[in-house]
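Engineer: Two chains, two separate frames, one set of hints: put the complex together.
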Amino acid sequence: MTYLLEAKDLRKQYPDKLALCGLNLQIEAGEVFCLLGQNGAGKSTTINLFLGFIEPTAGAAYLNGLEVAANPLKIKQYLAYIPENVMLYPHLTGLENLALFSSLAGFSYKESELVAYLAQAGLPVEAVQRRVGSYSKGMRQKVGIAIAVAKHAKVLLLDEPTSGLDPKASNEFSELLRQLSQQGTAVFMATHDIFRAKEVGTRVGIMREGELVDVRPTATLNANELEQLYLTYMQ
Amino acid sequence: MIQSIAQKEFVSTLRDRRFVVLSGLLLALLLAATLVGRASYHTLQQERMVAQQTVNDQFHHQPNRHPHRVAHYGSFAFRPRSGLSFLDAGLDSYTGASVYLEAHQQNSVNFSQAQQSGSLIRFGELTVAFVLQVLMPLLIVFLCFSAFTEERETGTLKLLLSQGVSMRQVAWGKIAGYGSAVALVVGPALALAAWLLFGEEEFAHNADVWARLALFGMSYAVYFFLWIVGAVVVSARQRHARSALVLLLSCWMLGCIILPKATANLGATLFPTITKAQMDADVHEAAQKGINGHDPQDQRSAVLKANLLKQYGVDSEEKLPVSVGGLVMAESEAYTSKVYQQHFAALTRTYERQNAISTWAGLLNPYQAIRPLSMGLAGSDFAHYVHFQQAAEAYRYQLVQRLNGLQASMGYGDKERKLDAATWQAIPTFAYQAPPVGWALGYLLLPALALLLWAVGLSWLGLKMIDKTSVV
Chain F
0 MTYLLEAKDL
10 RKQYPDKLAL
20 CGLNLQIEAG
30 EVFCLLGQNG
40 AGKSTTINLF
50 LGFIEPTAGA
60 AYLNGLEVAA
70 NPLKIKQYLA
80 YIPENVMLYP
90 HLTGLENLAL
100 FSSLAGFSYK
110 ESELVAYLAQ
120 AGLPVEAVQR
130 RVGSYSKGMR
140 QKVGIAIAVA
150 KHAKVLLLDE
160 PTSGLDPKAS
170 NEFSELLRQL
180 SQQGTAVFMA
190 THDIFRAKEV
200 GTRVGIMREG
210 ELVDVRPTAT
220 LNANELEQLY
230 LTYMQ
Chain G
0 MIQSIAQKEF
10 VSTLRDRRFV
20 VLSGLLLALL
30 LAATLVGRAS
40 YHTLQQERMV
50 AQQTVNDQFH
60 HQPNRHPHRV
70 AHYGSFAFRP
80 RSGLSFLDAG
90 LDSYTGASVY
100 LEAHQQNSVN
110 FSQAQQSGSL
120 IRFGELTVAF
130 VLQVLMPLLI
140 VFLCFSAFTE
150 ERETGTLKLL
160 LSQGVSMRQV
170 AWGKIAGYGS
180 AVALVVGPAL
190 ALAAWLLFGE
200 EEFAHNADVW
210 ARLALFGMSY
220 AVYFFLWIVG
230 AVVVSARQRH
240 ARSALVLLLS
250 CWMLGCIILP
260 KATANLGATL
270 FPTITKAQMD
280 ADVHEAAQKG
290 INGHDPQDQR
300 SAVLKANLLK
310 QYGVDSEEKL
320 PVSVGGLVMA
330 ESEAYTSKVY
340 QQHFAALTRT
350 YERQNAISTW
360 AGLLNPYQAI
370 RPLSMGLAGS
380 DFAHYVHFQQ
390 AAEAYRYQLV
400 QRLNGLQASM
410 GYGDKERKLD
420 AATWQAIPTF
430 AYQAPPVGWA
440 LGYLLLPALA
450 LLLWAVGLSW
460 LGLKMIDKTS
470 VV
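Top line first, the protein sequences correspond to chains F and G.
Residue numbers are given in numbering that gives the first Met the number 0: position 49 of the first sequence equals residue 48, and the series is strictly consecutive.
Residue numbers are given in numbering that gives the first Met the number 0: position 453 of the second sequence equals residue 452, and the series is strictly consecutive.
In short, the hints are calculated from the structure, not lab data.
Just so we're clear, the structure is a prediction, and the values are computed from it rather than from any experiment.
Misleading hints may appear alongside valid ones.
To be verified - List time: in silico DSSO-like cross-link candidates among lysine-lysine, alpha-carbon distance up to 27 Å: (1) K136(F) - K197(F); (2) K157(G) - K467(G); (3) K417(G) - K318(G); (4) K7(F) - K153(F); (5) K157(G) - K7(F); (6) K414(G) - K288(G); (7) K337(G) - K288(G); (8) K153(F) - K109(F); (9) K260(G) - K288(G); (10) K153(F) - K197(F); (11) K73(F) - K153(F); (12) K337(G) - K304(G); (13) K467(G) - K73(F); (14) K467(G) - K16(F); (15) K467(G) - K7(F); (16) K73(F) - K463(G); (17) K318(G) - K275(G); (18) K73(F) - K7(F); (19) K304(G) - K417(G); (20) K463(G) - K304(G); (21) K136(F) - K157(G); (22) K153(F) - K157(G); (23) K463(G) - K157(G); (24) K109(F) - K157(G); (25) K304(G) - K73(F); (26) K16(F) - K157(G); (27) K153(F) - K167(F); (28) K109(F) - K136(F); (29) K337(G) - K318(G); (30) K197(F) - K7(F).
With the rest of the complex left out, here is chain G (with noise of 0.2 Å):
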């Protein structure tokens, strides 16, 4: 029973020339994003990959240096972009591109495309994800307001019931045609980007790039459906189509427009981030506490060389094996890196609070639930470019201090002296390696349950409703 009714209500569909209309604007658009998202990933991965080889072979072949020197010319690291960011570019466009990476300071990720755009990107970027995620539940609306009003409004509906088949089953068959319909508009663009992203032989054996479309395919499967029941529960609540489309219409603009705009700015509101400038006064005051590697009077310094002496049991730094400018350098490193972290930590966890504010809202939202799993999924969200952010930072360290190692090892006078070129190319360059879904999963658990909940509380309570609801 439930298949005819779906069998009938997609051949209606597909036979009706406004849906064939909306949804070949649709397909069309959803088909476009896909193809600029492609090109764009395209020439900016291009771009970055260029950049990160050329300040890496700029590295590797700079002359006879000393390595504190190397260390103060220092290098870039260039995020890659996530193979499925052309689907979901998330935040990509809004967090910088690439960090300098240098002696004494962590430095923030800079040149994000929006600072590099014109004002056209602060109206949004047509993406797959705006697509599915914005315009699919207005089609969706217009598809499926007039579900039961009609059948009631013209009298199919006692016919239809006449027959032996329930209000539940009518309601399920009808969420299943309108399922159907909405697949074969959603379908062909997931199709396109699957066949251009494994193409391509740097993801076609890639899993993990498997994983994360196949639950972006799922988490908007599950999306779709729960506007698709909550449109034909409207419609059979409702006694005039009208009335049903003007709420439907109603749940949309709150739910995609209003909502999201509301949290982010209570958020904001309820924890504010501090400003760039006074977070450099705090870093900088925090690490006045700390060895000052660049100043020789500095009493903490002092202290240093007085123990290194006392350890080699020699009575001149002359007659020290190891440089102690190098060790002071790398004490001096650990403690402003540390300073720079918790200051770093700080920041992110108020971005976190900001974003939970959002993400606790799709228990309310489910447009609030899809956004964070698709920008998680695609890897396009705030946690992977923190990510991101420490894999450069703990790069970062590392390398200093390996140069602050060479350093030490010079010995005393290490500052009259340069270590040949040939040194700096057996220093590994900055290569990311970016999470695992399962990394990412850890992150989308709150907005994944969000999804469900609703899925499952609607199927229940809404179809309950339909049972109880009058046929004449």
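Chain F with its partners taken away, still in its complex shape (with noise of 0.2 Å):
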């Protein structure tokens, strides 16, 4: 079976620190699996390896079966990424933002769809003419999101994104999810929040000290019991 995302005894060693130590672990179309962990486990380690942005010590990451090291442009046309904190370009508005990032997704949007992805994420209509400059943090969150529903990927690697948003966008955000992983996007998403990863997370995962140390599918556990659980391991 290929996996939307497969990582085979994945390993990063930093001159002065092990960050991840052969990390395995399988992720099917339409599953949306949560990474837990302190800062410093390895959640952006493990994203950054999926992405190609860092090569692996040993090991190998595949996205859609083919391996990230080898295809480092290829994979990109199946995923698409939202950081914690998404950065776009202050000069240009929300609208010229999405416009730009989608072309070089290689779709070529008319305006009134622009506005209807940006919509979806929750930025308001009368925001998309303003420039990035004098958004919030959760307004370029929003921004960040849309870019990623826009590129209509097979996969999504999250770090952190509703970070910076308000509850109510942070629901949004989590139905979005719901959605997109109904309609088979694999999502991997690295995250501090246990009741978020409960909540839209299929499987989630505990990382410390660059180990996956723990994989329990979230229908088995309550919230409490999930909080339990990450404490335990971090003591």
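Structural biologist: See the structure below:
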């Protein structure tokens, strides 16, 4: 079976630190995998390895069956990425930013379609023509979500995507993730938010010091049990 | 992809108030330099044309005179400024504007603007070339130093690359975008220059000036491309914007200020020029070895006279159909002219060797490649100056020998007679024909090659380095 995301003995060693030690992971289409862990646990390293921004020391990451390190450009057509703090081009409007990133991904949308994507991500319509320099962090995050959604990617790589979003926007984002997963999108989300992980995830993993120490289906735990489990590993 | 990124960079740059202020300032400087340069060109050109016409008229309207008296009366050759010298004055301000043409000696070209101006000229002139060569790179540095560092620091680079764009495509997009912004600043000034130039009857249909202007523009396009590529590469290789800015400013100082001065000093040290007094003394000493046309007791004159008597089969000077004095003068002129030519050629070679150090430095420093290229295309470099000097000397020699011929044809006792005033009107005056661009290019191969090598080398190596740059 071809997994949309797969890590085989994935390892990343920096001169002063072992960031990831032998990660093995498979994520299928329609699955939302939430990775919990403290700062420096290896969550962002994992995402960077899947993005092909860093080379693994050993092992391999696969995206849609393609080895990431061997196909760094090709794999990008299958993925969309939302960082923790979406920073856009401040001299361009929200609409222009979305048009730029979409065109780079190979999509040419009409203005009305771009506005629709921004609205779907929760950006107020009156803000789309304003320069991003005047946006709040939450508004930028929404443009980032619109960029990811407009790419119609098979895989979503999310690094603390709801950071800076208000509760309403976070809920809307969770709903959006559910819709995307129902359409067959595989989601890999690194987060600190245990309750959001429980809410949207189909599986949750706990990472500590570069090691994936536990993986559970979210259906087998309630939010409190998940929190207890997480705290146990973090002690 | 590259086009989308280029458009984004162009639009972002135009919306950046810092760039608008800086580029507005530079555009104003460029336009001012173009207009002031053109006005100055007109004034000087008009002055020289009037002066040349005046001395030509004075020469033609001499009274009945002995030809050798006319040869000593002499004339002047005024160097006309080239059409593009208002864009790059080059050495024009420091080289002379006119040369006195007279019998027996080759004078140097004198009366430069620098000699006649105040001390302010030592600080350099505000010319289009100065703005393009020195100030535009500064604008490019301020425009591009954060090209990649800012993207990396803010995280937009990861988002950009996650769309499936390569680092190389991002770099080319940025280079194209910044290039468009720079063209927006330089374009109006060059368009104004072209309009001013070709609005005049003198240059409107002059293909040579068109070709020079086109090559001038292309050379600067390559020069700015180099700076943009260099700045983008530095920005990609540095982790922080501040360190990229410091490194680029250091490159600017080294390339535009320190290296040119250092190589000029090195050239002057390795190939020292002799003083004017020493050269005059050397020429005088060498000239003594030839016939002295003004010394009737000169032994070599006596030999020449004896040969003439033998040639014409007569026994006295009175029976000769030619004037011995005129032929002695012609012989003397040929010798002294050769002596002067040798000494001037040696001096020119010394200057050329000094300049060659700076020109070869163009392989290390693009500023020292664009500088001679710009001057050469504008017709204000050392080679063009020497061309004028040689043309003036060729005219002087022909004029003096023509007058010596007239004297010789007067026969015995010529010194007691004069030729009619109409004789002088038949003698053509000095009319300088500047060399074509093809001639100039022969002197500009090295700097042109250096600039192209820089462009190809930096693009190839720089972009290769960008490919290997860490994203996170």
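Engineer: So, for every hint listed, does it hold in this structure?
Structural biologist: Evaluation of the provided hints:
Distance check on the hinted pair: K136(F) and K197(F) sit about 24 Å apart at the alpha-carbon level, within 27 Å; holds. Proximity of K157(G) to K467(G) is assessed by CA-CA distance (about 15 Å); at most 27 Å being required, the pair is judged to hold. About 20 Å separates the Cα atoms of K417(G) and K318(G), which keeps this hinted pair within 27 Å; it holds. The suggested pairing of K7(F) with K153(F) holds, with an alpha-carbon distance near 20 Å, which does not exceed 27 Å.
A threshold of 27 Å between alpha carbons decides the hint, and for K157(G) with K7(F) the separation of about 24 Å falls inside it, so the pair holds. Between K414(G) and K288(G), the direct Cα distance comes to roughly 25 Å. Compliance with the 27 Å bound is thereby established for this hinted pair. In summary, the hint linking K337(G) to K288(G) is supported, as the alpha carbons are separated by about 12 Å, within the 27 Å threshold. Under the criterion of a C-alpha separation no larger than 27 Å, the hint pairing K153(F) with K109(F) is consistent with the structure, at around 23 Å.
For a cut-off of 27 Å, the pair hint linking K260(G) to K288(G) is broken: about 41 Å separates their Cα positions. Simply put, K153(F) and K197(F) have alpha-carbon atoms about 22 Å apart, close enough for the 27 Å limit, and the pair holds. Between K73(F) and K153(F), the direct Cα distance comes to roughly 13 Å. Compliance with the 27 Å bound is thereby established for this hinted pair. Straight-line distance between C-alpha atoms of K337(G) and K304(G) comes to about 22 Å, which keeps the hinted pair within the 27 Å bound.
The straight-line distance between the Cα atoms of K467(G) and K73(F) is roughly 18 Å, inside the 27 Å bound, and the hint therefore holds. Our distance criterion of 27 Å between C-alpha atoms is met by K467(G) and K16(F), whose separation comes to about 22 Å. Among the hinted pairs, K467(G) with K7(F) is consistent with the structure: their alpha-carbon atoms are about 25 Å apart, no more than 27 Å. Distance restraint check for K73(F) and K463(G): the Cα-Cα separation of roughly 20 Å lies within the 27 Å cut-off, and the hinted pair is therefore satisfied.
Between K318(G) and K275(G), the direct Cα distance comes to roughly 45 Å. Violation of the 27 Å bound is thereby established for this hinted pair. A hinted pair counts as satisfied when its Cα atoms are at most 27 Å apart, and K73(F) with K7(F) qualifies at roughly 20 Å. At roughly 23 Å between alpha-carbon atoms, K304(G) and K417(G) fall within 27 Å of each other, so this suggested pair holds. The straight-line distance between the Cα atoms of K463(G) and K304(G) is roughly 78 Å, outside the 27 Å bound, and the hint therefore fails.
In summary, the hint linking K136(F) to K157(G) is supported, as the alpha carbons are separated by about 17 Å, within the 27 Å threshold. A distance of roughly 19 Å separates the Cα atoms of K153(F) and K157(G); the hinted pair therefore holds under the 27 Å criterion. For the proposed pair K463(G) and K157(G), the alpha carbon gap of about 19 Å is at most 27 Å, so the pair holds. For the given pair, K109(F) sits about 25 Å from K157(G) by alpha-carbon distance, which is consistent with the 27 Å threshold.
Annotation: proposed proximity of K304(G) to K73(F) is violated, straight-line Cα distance about 96 Å (limit 27 Å). With a C-alpha separation of about 23 Å, the suggested pairing of K16(F) with K157(G) holds against the 27 Å cut-off. Restraint check for K153(F) and K167(F): satisfied, since their Cα atoms lie roughly 26 Å apart, inside the 27 Å limit. Simply put, K109(F) and K136(F) have alpha-carbon atoms about 26 Å apart, close enough for the 27 Å limit, and the pair holds.
Between K337(G) and K318(G) the alpha-carbon distance is near 32 Å, which puts this suggested pair outside the 27 Å criterion. For the hint pairing K197(F) with K7(F), the CA-to-CA distance comes to about 25 Å; that is within 27 Å, so the pair holds.
The structure fails hints 9, 17, 20, 25, 29 (numbered hints given earlier, in ascending order).
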